[in-house]
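Residue-level listing of the chains:
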Amino acid sequence: MKILTTVKRVTDPDMKVKIKPDGTGIVTDGVEYKMNSFDEYGVEEAIVLKQNHGGEVVVVSVGPSASTKEIRTALAMGADRGILVETDAELDSDAVARVLAEVVKKEQPDIIVMGKQAVDSDRNQAGQMLAAYLGYPQATFAYSLEVADGWATVGREVDGGTSTKRIKLPGIVTADLRLNEPRYASLPGIMKAKRKPLETMTPDDLGVDVTSKVRVIKYEAPEERQAGRIVETVDELIEVLRNEAKAI
Amino acid sequence: MANVLVVAEHLNGQLRKVTNATVAFAKQAAGLTGGQVHVLVLGSGIGGVVEEAAKSGADKVLFEDSAVFTNYLAENHGPAVAKVAQDIGATIVCAASSTFGKDLLPAVAAHLSAGMVSDATKVWDDGGLKFMRPLWAGNVLTTVEVTTPVKVITVRTTEFDALPESGPAPSEAVATGVGGTDAAEFVNFDQVKSERPELTDADVIVAGGRGLKSAENFGMIMELADLLSGAVGASRAAVDSGYAPNDWQIGQTGKVVAPNLYFAVAISGAIQHLAGMKGSKTIVAINTNAEAPIFQVADYGLVADAFAVVPELTEKLKALGV
Ligand SMILES: Cc1cc2nc3c(=O)[nH]c(=O)nc-3n(C[C@H](O)[C@H](O)[C@H](O)COP(=O)(O)OP(=O)(O)OC[C@H]3O[C@@H](n4cnc5c(N)ncnc54)[C@H](O)[C@@H]3O)c2cc1C
Ligand SMILES: Nc1ncnc2c1ncn2[C@@H]1O[C@H](COP(=O)(O)O)[C@@H](O)[C@H]1O
Chain A
1 MKILTTVKRV TDPDMKVKIK PDGTGIVTDG VEYKMNSFDE YGVEEAIVLK
51 QNHGGEVVVV SVGPSASTKE IRTALAMGAD RGILVETDAE LDSDAVARVL
101 AEVVKKEQPD IIVMGKQAVD SDRNQAGQML AAYLGYPQAT FAYSLEVADG
151 WATVGREVDG GTSTKRIKLP GIVTADLRLN EPRYASLPGI MKAKRKPLET
201 MTPDDLGVDV TSKVRVIKYE APEERQAGRI VETVDELIEV LRNEAKAI
Chain B
1 MANVLVVAEH LNGQLRKVTN ATVAFAKQAA GLTGGQVHVL VLGSGIGGVV
51 EEAAKSGADK VLFEDSAVFT NYLAENHGPA VAKVAQDIGA TIVCAASSTF
101 GKDLLPAVAA HLSAGMVSDA TKVWDDGGLK FMRPLWAGNV LTTVEVTTPV
151 KVITVRTTEF DALPESGPAP SEAVATGVGG TDAAEFVNFD QVKSERPELT
201 DADVIVAGGR GLKSAENFGM IMELADLLSG AVGASRAAVD SGYAPNDWQI
251 GQTGKVVAPN LYFAVAISGA IQHLAGMKGS KTIVAINTNA EAPIFQVADY
301 GLVADAFAVV PELTEKLKAL GV
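Taken in order, these protein sequences are the chains called A and B.
Residue numbers are given in the working numbering: position 107 of the first sequence equals residue 107, and the series is strictly consecutive.
Residue numbers are given in the working numbering: position 305 of the second sequence equals residue 305, and the series is strictly consecutive.
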């Protein structure tokens, strides 16, 4: 089985981002980057699929040349081969999906495993758009995945509970946090990853115009909540909730 | 004919309230585009939903009652919504930013070659339509513009209040011609049954974190929530530890809520959690660690052991006849 998985290079989610005073973007000096958290789950699942079904795991990233680091991380976890579609353009999820669609047409994977959401831009769109562009079925927010007889059975996290959907392969699955426990790259894994093939191409090579359909005009910080005060007892809490906040 | 199309969401034969909030957004948007608000209901046996949608403040309800739509599948709903959007000349297609809207609307956007904005919190026109949306776990707000003629939007419904019930708008059957995919099958929906209000509608939420140490200990959280007719929420860590179902998760990757009153009990206040609840009107934090970041956003903090003070709070409120 050929499995394609995607990784996005994002700012470290544990760091607080700062906005440039002129509102044109975020401050990138001193910022650390890592693989999008949900993509760690996607890569892990791709590797598990290969362990169970054999085949190959191809990892793809669309972005600046520095994204080779996140691809190498996926290779160190156990993916076989990397593809970087290199561009410095600001991409909306639609542009990413249109690039990935061309990669899929070249690679012809049996299944595509992505993250449900990039934790920097918080859009939650690329997988669903890719499915629509390719005419493939989709199963988003996966917490479980079984593949048999050319179909994937996917347990999904949905409002109000959980749901199960079956999709015919080739199809697209997007990972939620309960899907698995992403492994850490081992030292031998990291050594091996250095020798694994990593191909670089551009959106032009794929014939894709990456002009985004959504333009960001301004970045700003939300209003910060003011810290309130500490109450000493339950009685005092009840008193302020009733008489000050009028919340009870 | 710059109409606004709202995709209705329904469960067990009832319109979900997030759709009413989405109509409120759509009304604002239609005021700017000069069009009408049409709500689209897809499903089977949806007469009651259509009736409810007709009273949401929309100008018209469109529906297709068909076995193809009995169970939601993006593969069927996606092309159907795109077709209706084209037929009514919609320049904005929107739905709530629920798991339904998040699953469906990107597919619709791709079918319409439209740009898409997730989690819109505002819409205005200053020489072109603008939308505001949060990102980076709510630490950044951006103003965005969509360059395509049709704009696809998921709406952060906590930012919009449902409109007052209106006289019934006309409804009209549509035929999308969608035959049904053979590449995807709905298997089942395992609903977390509860008498409590939905998290996204609740006036009061009592949320518990990893500090509660077990599923049994969530009992006191539920008791307080029930006394206040509230909903129960949880942090990711509490869900991961198996203390609470995933459906209760609040945060960047769970639900976004903005109740009148939010209790964060034994929750540290990681940014990913704050992303889902810092829009609440009044926040109460109960935590043994005075340094916990949750106290920086709480209106009222109680540095105390939850096992002592939560039952005490419940008992004293009961005694007061709350
Ligand atoms: C990609 C990604 C997405 C995420 N999305 C979310 C999300 O949507 N929602 C979310 O919540 N998290 C999310 N997280 C996880 C988040 O980073 C935190 O790990 C999580 O919120 C911590 O949960 P907690 O506060 O319950 O646990 P902890 O951080 O372990 O805090 C437990 C707290 O309980 C207190 N405590 C212990 N005992 C008691 C007691 N007896 N009485 C009172 N207080 C006590 C402790 O002082 C501590 O502050 C995400 C993380 C990642 C990487
Ligand atoms: N630039 C990118 N390169 C590779 N994969 C991406 C990129 N952007 C998004 N993705 C994938 O699409 C998923 C959803 O992203 P998004 O729609 O941007 O929230 C992510 O978890 C990634 O798996």
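Incorrect hints may appear among the rest.
[To be verified] Heads up, simulated DSSO-like pairs for lysine-lysine below, C-alpha to C-alpha not over 30 Å straight-line:
(1) 318(B) <-> 218(A)
(2) 27(B) <-> 18(A)
(3) 18(A) <-> 34(A)
(4) 130(B) <-> 16(A)
(5) 130(B) <-> 218(A)
(6) 278(B) <-> 20(A)
(7) 34(A) <-> 17(B)
(8) 281(B) <-> 218(A)
(9) 20(A) <-> 83(B)
(10) 60(B) <-> 246(A)
(11) 246(A) <-> 318(B)
(12) 246(A) <-> 130(B)
(13) 281(B) <-> 16(A)
(14) 278(B) <-> 18(A)
(15) 18(A) <-> 281(B)
(16) 20(A) <-> 27(B)
(17) 168(A) <-> 122(B)
(18) 122(B) <-> 218(A)
(19) 192(A) <-> 105(A)
It should be emphasised that the hints constitute simulated quantities derived from the structure, not laboratory data.
These figures come from a predicted structure and were not determined experimentally.
For this session: Below or equal to 30 Å on CA atoms is what counts here, so check residue 60(B) against residue 246(A).
Result: Violated, because 39 Å separates the two Cα atoms, which is more than 30 Å.
For this session: Please work out if residue 130(B) and residue 218(A) have their alpha carbons no farther apart than 30 Å.
Result: Answer holds: residue 130(B) to residue 218(A) is near 11 Å, not above 30 Å.
For this session: Take a quick look at whether residue 246(A) and residue 130(B) sit within 30 Å of each other, Cα to Cα.
Result: Violated, at about 36 Å.
Exercise. Given the hint that residue 246(A) pairs with residue 318(B), does the C-alpha gap stay at or below 30 Å?
Worked result: Holds, because 17 Å separates the two Cα atoms, which is no more than 30 Å.
Exercise. Taking only the CA atoms, is the gap from residue 168(A) to residue 122(B) under or equal to 30 Å?
Worked result: violated (38 Å)
Exercise. Taken at face value, is the distance from the CA of residue 20(A) to the CA of residue 278(B) at most 30 Å?
Worked result: holds (23 Å)
Problem set entry | Distance restraint between residue 20(A) and residue 83(B), which requires alpha-carbon spacing of 30 Å or less | Violated - the C-alpha atoms of residue 83(B) and residue 20(A) are around 42 Å apart, more than 30 Å.
Problem set entry | Agreement of residue 130(B) and residue 16(A) with the hint, judged by alpha carbon distance not exceeding 30 Å | Holds, at roughly 26 Å.
Problem set entry | Pair hint residue 34(A) and residue 17(B), alpha-carbon separation not exceeding 30 Å | violated (38 Å)
Exercise. Is the straight-line distance between the alpha-carbon of residue 20(A) and that of residue 27(B) 30 Å or less?
Worked result: Since the Cα atoms of residue 20(A) and residue 27(B) sit roughly 34 Å apart, the hinted pair is violated (cutoff 30 Å).
For this session: Could you grab the alpha-carbon distance between residue 278(B) and residue 18(A) and see if it respects the 30 Å cut-off?
Result: holds (19 Å)
Exercise. Given the proposed pairing of residue 192(A) with residue 105(A), does the C-alpha separation stay at or below 30 Å?
Worked result: holds (28 Å)
Going down the numbered hints, you'll see the structure goes against 1, 2, 7, 9, 10, 12, 16, 17, while the others check out.
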